[in-house]
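Student: Sequence:
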Amino acid sequence: MPGNFFVRRQHPVPVPATRYLDTVPFPPPEAYYCNEDEEEGHLMPETNRISGYLSGQLLIAMPKMLDPRFERTVIYMCAHNADGAMGLIVNRPLEELSFVDLLGQMDIDCPESAADIKVQYGGPVETGRGFVLHTPEYGHDGTITVNDEVGLTATIEILKDIAANHGPRRAILALGYAGWGPGQLDSEIQQNAWLNVPADNALLFDTDIASRWEKAIAKIGVDLSLLSGDHGHA
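Counting in numbering that gives the first Met the number 0, the sequence shown runs from 0 upward without gaps.
Keep in mind the hints are simulated off the structure, nothing from the lab.
Among these hints, one or two may not hold up.
Computed list of lysine-lysine pairs in DSBU-like fashion (alpha-carbon distance at most 35 Å, straight line) [stated by the list, open to error]: (1) K218 / K63; (2) K214 / K117; (3) K214 / K63; (4) K218 / K117.
Could you put the whole structure together from the sequences, leaning on the hints where they help?
Tutor: Next up, the structure:
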């Protein structure tokens, strides 16, 4: 199976103590996917799907989110089941690391067509580990199918393909991820820390990063001025 890609970051995002997402070591995303080709020994893109819970939805931080790492964040939920949950923040670009710099660390030349790709902060767990959310026409042995609209790839091959103009049509590159233990996310939702709404590719890939939080809340149809830390939607 192709290897994951890791990068060096000069200015890691600080991780303060918080009442919400813990930063204890968390199982890697593939731990949530159980369909495995025993003969070939790798995950199968055609059948490696997840079911139930909030997988494939957007998790939206409530306006009074107390954790500064997740203030006004939108998280794409890649996996959620009885064992825990894993997602990627999709609206927090990293100013200190460009896509050109990231490829340079791996000795990959970056074409002009890819120079404007934003590297995003995906969450506080394993912040040097890279993930790419992308449209479903792209895939190889290391690709996990979240649903019919989105794939997840965390190997260096996808970076090489993007640099060679053979990558997915649309993609989000993130470093790190958000992780929850068993029942933890469910508890936070009950405490009105999060809103959730089904994801769509227009919001996920086409909406301006700076306005994704507002647009995600608008998709629910809730008046932002009426939201508080004491009233939520789950």
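Student: Which numbered hints turn out to be false for this structure?
Tutor: Structure breaks no hint.
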